[in-house]
Amino acid sequence: MSVGDILFWIVGLMTALCAVMVVVTQHIVRCAIWLLFTLAGTAGLFFLLGLDFLGATQLFVYVGGTLVLVIFGVMLTATGPFLQLRAGAGEWAIAIIVGLLLYGLIALSWLFADWSKLPESALPDDPRQMYHTEQLGRALLGDTSVQPASELAGVPGSLGAADKASGKLQEPPKRQASAFLLPFEIVSVHLLVVLIGAAYLARAKRKRVVVAPRESL
Amino acid sequence: MDWLTIGLIIFVISWLQILCAYLIYLERKVAAWVQDRKGPNRVGPWGLFQPIADGLKFLFKEQVVPAHVHRFLYILAPSIAVITTMLAFAVVPFGPTDVPDPRQKRFIIAPNLDIGLLFIFAIASLNVYSIILGGWASNNKYSLLGSLRSAAQIISYEIPLALSVLGVIVLVGSLNLEHLLNEQARLGIGGWLIWYQPLGWLLFFASALAESNRLPFDLPEAEQELVGGYHTEYSGMKFAMFFLGEYTHVTTVSLLMVILYFGGWHFPFVAEFNANYPGATGVKVLVLWTKASLVILVIMLLRWTLPRFRFDQLMHLAWMGLVPLSLLNLLSVMIVRHWSLSPWLLLPCSVIILTAIPLLHRWKSRQLDWA
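As they're listed, the protein sequences go chains A and B.
Numbering-wise (the working numbering), the first sequence opens with residue 11 and increments by one.
Numbering-wise (the working numbering), the second sequence opens with residue 183 and increments by one.
Because the hints were derived from the structure by calculation, they are not lab data.
It cannot be assumed that every hint is accurate.
A few chain B residues that face chain A, going by a derived Cβ cut-off under 7 Å, partial list only [as the list claims (entries may be wrong)]:
1) Phe231
2) Ile234
3) Leu238
4) Pro293
5) Leu300
6) Ser307
All C-beta atoms, glycine included, are put in the ideal place defined by N, C-alpha and C.
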């Protein structure tokens with residue numbers, strides 16, 4: 011076990027512990043802090059795996075952006091009924107079912123993935139061979155020539171059936187080129203809807219004033 | 183295990199702590215000079231050992247944790263302040279990175295990180311947690327007020343900060359700090375990005391001051407209004423850690439500004455791109471730190487020159503001043519890049535935007551007053 015592996019285990023276990031604490035903590039600010047540690051730990055895992063861009067984005071978007079808002083909201087609502095969060099039995103049941111389903115999905119995809127296709131090390135020896143931000147952006151927009159070995163990552167349509175026999179990566183057919191474009195657009199529209207909704211909820215609620223016709227100067 | 187990196191990290195952390203101690207000394211001297219006083223002058227010649235005495239005092243002070251605070255978060259907050267600023271420093275080159283043997287002379291902890299700038303912004307955006315948590319955990323009205331102000335301030339100023347640097351990124355086409363620096367050095371003094379991005383630089387300067395809570399943007403602390411703001415309840419080493427974080431942030435920002443806009447270690451005739459006379463590396467390091475020191479000095483002089491903003495002025499400046507200006511700046515860079523025009527066009531462009539928009543704004547507001 012290399013130092014990287016040991017670090018990965020330590021960070022991973024701590025992240026998992028923080029995630030459990032998010033669920034069992036009842037005080038809302040402490041809960042938000044545990045969530046902060048969980049998200050930061052995930053970013054740390056990304057960095058340990060050599061995914062700099064993903065790690066920085068995780069910090070930027072989740073840890074930096076969302077949680078500032080969470081804490082901001084918490085401070086303004088941390089009185090009375092919102093201070094202690096207590097989940098009812100029904101909520102626990104739904105949460106456990108959803109959690110188990112998600113866990114099952116992850117476990118199944120882990121079990122059925124063909125790990126022999128994975129390269130020996132996640133990091134190529136030559137740093138120039140690594141996937142750069144530009145390639146990531148092009149892959150996102152559906153440029154299939156730059157997509158990484160992505161059967162494990164679940165990218166739609168990057169490995170054909172014929173390729174599995176030879177075990178080598180081939181150019182995927184052009185027909186499936188728009189790999190991430192549609193989900194990307196859906197997320198964008200979703201965010202827009204959230205923004206509009208937030209603006210609608212937070213708008214100043216004024217009484218309607220009947221505007222008298224303006225007399226001419 | 184890379185022992186060189188570990189040694190470098192230990193060296194950089196020690197160096198930053200000494201530097202921060204002496205920056206505080208410098209700040210007190212500058213303040214004294216501005217206010218026609220003498221400043222620290224008792225410990226050692228010209229008070230030069232004052233930072234050491236202060237440091238020892240902080241270390242040996244009793245570690246008081248007030249009874250009414252949230253213990254864990256109270257201790258966590260100053261740690262976050264130090265950790266985030268130190269982490270951000272990991273990708274900032276503090277010397278030339280194109281030296282012949284990088285195994286022997288390395289001036290960056292994490293070399294060749296393609297997303298250097300993004301990493302700095304991502305880490306620096308976490309710094310706000312130290313203030314929010316410190317203010318909340320202190321369980322004190324003044325602290326909470328200071329931290330709430332700071333949350334609004336820092337979130338608002340992150341946007342113009344990132345937008346102003348986007349101009350540089352689009353112009354050079356890289357997020358890699360070393361690449362940005364070497365590109366400028368290669369083109370000589372005409373390649374310094376300050377010629378193409380004067381407006382971007384001003385916006386960056388203003389937003390960076392706000393991000394590091396320096397005057398005129400020090401609303402989270404605001405001694406006169408908030409008894410110290412978020413660090414009212416802190417004493418001893420925990421108090422010192424907040425300031426270690428702040429001064430490390432100032433150092434990082436100054437180095438970043440020099441690297442992004444003033445050609446880094448490049449200086450005509452003294453430290454050219456292909457200079458390889460004996461001792462060239464040392465001269466380059468010296469040039470870089472001299473430039474950064476000048477920026478730090480300007481930041482300190484600003485502190486004792488400008489009054490603090492009122493809160494509504496602060497928000498007005500960010501959202502109605504800096505954000506539109508930085509968007510226009512970005513637009514001009516994009517136009518120049520798209521049609522491959524001469525980048526020198528950006529200089530008049532910046533000047534026009536900087537003069538026309540406030541005039542327009544003034545004319546508009548006067549019209550509204552009249553109506």
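Cross-check of the supplied hints:
1. Phe231: Cβ of Phe231 (chain B) sits 39 Å from chain A, so the hint is violated.
2. Ile234: Given a least distance of 34 Å, the restraint on Ile234 (chain B) is violated.
3. Leu238: violated (33 Å)
4. Pro293: violated (10 Å)
5. Leu300: holds (5 Å)
6. Ser307: Holds, about 4 Å.
When held up to the earlier numbered hints, the structure conflicts with 1, 2, 3, 4 and fits the remainder.
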